[in-house]
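If you want the building blocks of each chain, they are given just below.
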Amino acid sequence: MAQRPVAIGRSLGYLAAALLLTLLGVPLLAIFLRAGGGVLPGPSDWAALRFTLTQASLSALFSVFLALPVARALARRRFPGRRMMVALTGAPFILPVVVAVMGLLAIFGAHGLLNTLAAQVGLGPWRIYGLHGVVLAHVFFNMPLAVRMILQGWQGIPSERFRLAAQLDLSPGGVFRLLEWPMLRQVVPGALAAIFAICLASFAVALILGGGPRATTVELGIYQAFMFDFDLGRAAVLALMQTALVAAAAILALLVTRMDGSGTGLDRALPRWDSPGGWRRLADVLGLIAAGAFLVGPLVAVALAGLSGFGDLPPGLWPAIANSLIVSLLSALTTVIVALALSAAQSRVVQGIGLLPLALSPLVLGTGYFLILNPVIVPGRLALPVTVLVNTLMALPFSLRVLAPAYVRVEADFGRLADTLALRGLARLRWLLLPRLRAPIGFAAGLAAALSMGDLGVITLFGSADRQTLPLLMFRLMGAYRTEAAASCGLILMALSFGIFWLFDQGGGKSNA
Amino acid sequence: MLELRAVDIRQDDFRLRADLAVATGRKVAVIGPSGAGKSTLLSTIAGFFRQTSGQVVWQGRPLDGVAPGKRPISMLFQDGNLFPHLDIARNIGLGIAPSLRLSEQDRARVEDALQRVGLGGMGGRTPAALSGGQQSRAALARILVQNRPLLLLDEPFAALGPALRAEMLDLVSDLVDETGVTLLMVSHDPADARRIAQDIMLVDDGHAYPPAEAGQMLADPPEALRRYLG
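Chains as they are written, first to last, in our numbering: chain A, 1 to 513; chain B, 514 to 743.
Restraint-style ranges between C-beta atoms, simulated for each label pair: (1) B/619 to A/310: 55 to 61 Å; (2) A/255 to B/683: 56 to 62 Å; (3) B/616 to A/12: 26 to 32 Å; (4) A/54 to B/580: 56 to 62 Å; (5) B/578 to A/319: 54 to 60 Å; (6) B/578 to A/507: 37 to 43 Å; (7) A/40 to B/580: 55 to 61 Å; (8) B/671 to A/348: 29 to 35 Å; (9) B/719 to A/255: 40 to 46 Å; (10) B/671 to A/349: 33 to 39 Å.
Here are some, though not all, of the chain A residues that point toward chain B, as calculated from beta-carbon distances under 7 Å: (11) 413; (12) 416; (13) 417; (14) 419; (15) 420; (16) 421; (17) 422; (18) 423; (19) 427; (20) 435.
Hints are computed from structural coordinates only; laboratory data are not their basis.
What you are looking at is a predicted structure, and each value in this text was computed from that prediction instead of being measured.
Virtual Cβ for every residue (Gly too), placed ideally from N, Cα, C.
Could you put the whole structure together from the sequences, leaning on the hints where they help?
Given below as C-alpha cells:
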C-alpha cells in the first residue's frame with residue numbers, strides 16, 4: 001500500500017470521469033424522455049433489428065473464417081514484406097469508411113472491375129447493394145482486425161512448443177490438434193464477438209450500400225427517421241433499441257476477448273521449424289496474395305480514379321477540407337486531454353468509465369444531442385462542435401487504452417523521485433509526464449485525428465452544404481453520381497487521414513530516452 | 514534530531530517497530546538481513562509509506578501528513594534517481610525549483626554542484642550519455658543543491674563495482690561532512706558501514722534498534738548483529 005500523497009490530479013481524473021458520464025448520460029436521458037412519449041417499435045423497426053443482427057453475424061463469421069488462413073500464413077512463413085503486411089492490417093482502422101466503400105464499388109460495383117471482366121465472358125452483372133454488399137464492406141474492414149487478433153494468438157504460443165513439435169516431427173495435423181486448435185478455441189470467440197459488436201453500430205457502410213426496407217440497420221433507421229420523416233420520437237425509440245443492442249454486445253465482447261487490442265510486437269518474426277512445404281506453402285502464398293489484393297485493390301482503384309478526377313474538383317472542396325482539418329485537430333486535442341485526465345486517476349473504475357462510449361453509437365449520441373439542442377438553437381448551426389464532441393467520445397476508449405497503461409508505468413518508474421522533488425501540477429506534467437508519454441500521446445492523437453477525419457456519422461444528422469466535412473461532401477457527390485469528383489475527394493481524404501496519423505505518430509515517436 | 518516515537522509499521526504479515534533517535538549530523542548505517550524492513554523504514558521516514566501508529570519527528574516537528582517533497586529530506590533510491598529525458602543540469606535544477614525556472618544565481622549553483630562532484634561542464638549531457646558512476650555523481654549533485662538537512666540513501670550505489678562504490682561512499686562522506694547533514698544509509702556490507710558510518714542501526718526480527726557507535730558494534734557485536742554478520 002505504498003501511497004502517493006502528491007500524485008498529480010487524481011481528483012482531476014475523477015472530475016474527467018464525471019464529465020464523461022455527464023456527456024454520455026445527458027443525451028441518453030434526453031432519448032429516454034423523448035421515447036417515453038413516443039411510439040412502440042413498428043414492423044419496419046423490427047425488420048431493421050433483424051437485418052442488423054443478420055449482417056453483423058455474417059460479417060463476423062466471414063471475417064474470422066477468411067482471417068484464419070491469412071493469420072496462419074503470417075504466423076508460419078517468413079518473407080520480405082511480412083512486416084509491411086502486418087502493418088497493413090492496422091490500416092483499415094483509420095481508413096475513412098466512405099473511401100473504402102467507394103473503392104469496393106470500383107472493384108465490385110455495377111461498373112466495377114469484376115463485372116467488366118465477367119461481362120467479357122458473358123457472366124453477371126452482379127449487384128453490390130443490399131446484404132451482401134454490407135457484409136462485403138464489413139469483411140473488408142474487419143478481416144484485417146481478425147487477422148491481428150488471431151495472429152496475436154499464434155504469436156502467444158511459446159516458440160518452445162513449436163520447437164518441440166519439430167523435434168517430435170509432428171505432422172501439420174498434429175501441430176494443429178495439439179498447439180493451434182486449443183489456441184483458436186480461446187481466441188476465435190473473442191474475435192467473433194468483437195467484430196459482431198463493431199458491425200452492429202456500423203452506419204456509413206449501411207448508408208451507402210444498404211437502405212430500403214430489406215437492408216436497413218437500426219443505426220441507419222435512426223438517420224432515416226431524422227432525414228426522411230423528421231420523426232424524433234421514432235428516432236429516440238430506435239436509439240434506445242440500438243443502445244441496448246450495442247451495450248450488450250460490447251459487454252459480451254469485453255468478457256470473451258482476451259487480447260488487449262494494441263497488437264504490439266506482432267511484427268516480431270518468431271522462429272518456426274515446423275512450417276510445412278509442398279501444397280501447403282503454395283496455399284499460404286496464394287492466401288496472402290488474395291488477402292493483400294482484397295485490401296489494397298479498392299484503395300488503388302480510388303487513387304487511380306481520383307487522379308483522373310482532379311480536373312473537375314467540386315465547389316466547396318476547400319471549405320470542406322478546412323472543416324475536416326479543424327474538426328480532426330480539435331478532436332485529437334480534446335481526446336488526448338480527456339484521456340490524460342482519465343489516466344491520471346490511475347483507477348480501474350475510471351478506466352472502465354472511459355470505455356463506456358463503446359456502448360453508445362455515434363448516431364445515438366447525435367440523436368440525444370439533437371433532442372437537447374433542438375428547442376434551444378437550430379442544431380445545424382452547431383454541426384462542427386457536436387461532431388468534435390461525438391468524435392472525441394468515440395475515439396476516447398482507444399486513446400485511453402493506449403495512454404492509461406503508459407501513465408501507470410511512468411508513475412511506477414518515476415513517481416517517487418518526482419515526489420521527493422515536489423514535482424506536482426504543471427511542473428510534473430511538463431517535466432515528467434509529457435516527455436515520458438510522448439510516444440503514446442502521439443499515437444493516441446494520431447488515432448483520434450484520423451478517426452475524426454474520416455468520420456461520416458453524426459455529421460450526416462447535423463451537416464448542411466455550408467457546414468460540411470470532406471467525408472460528407474464525398475458522400476453527397478457519390479449520391480449525385482459524380483463519381484470522379486467523389487474519387488478525387490476520396491484520394492484527398494485518404495491522404496489526409498493517413499498523413500495526419502503519420503505526422504502525430506512520428507511526432508511522438510522520437511522519444512528522447 | 515530525528516526521532517521515531519513508538520513507530521509501528523505493518524503491511525500484511527510484515528511488522529517493524531522502531532522507538533529511537535538519531536542525533537543531528539550523525540552518519541548512520543542501517544544494516545540487517547534482506548527483507549528485514551530497511552527500505553521500508555527509510556520509505557516511512559521519507560513519507561512514501563504511512564506507519565500504522567507512532568510518529569516520525571524532525572527537530573521536534575512531527576512529519577505526519579507532510580508530503581515527501583515537503584519534508585526536510587532528500588533521498589536516493591536503488592535506481593531511477595535521474596529522469597532519462599532531461600539533461601543533467603535540468604535534473605539537478607529540479608532540486609532547486611520543480612518549475613525549472615532558474616535564475617542566473619541558481620544556474621551558477623547547479624554548475625558549482627557539478628564541479629564539486631567532478632562533473633564540471635557535463636550539464637548538457639543526458640543520463641544515458643554518462644557512466645554508472647557519473648550518474649551517481651549527478652544524483653549527488655542534486656542532493657547538494659536540494660540542501661535538505663536529512664539525507665536518506667537506499668543503496669543507490671548497489672549496482673556499482675566495489676572500487677567505484679567505495680569512491681562514491683568517500684564522496685558522500687565528504688559532502689556530509691561539509692554540509693553537516695544527518696545521514697541514514699542502508700547497506701548490506703559491514704565494510705561500507707565501517708568506511709563512512711559513525712553509528713550502526715540494526716534492523717532485524719521486526720525491530721529497528723537504536724543506533725550505537727559503529728566501531729564498538731563491529732568489535733563486539735550484539736547477538737542479532739552477530740547472527741547477521743555470520
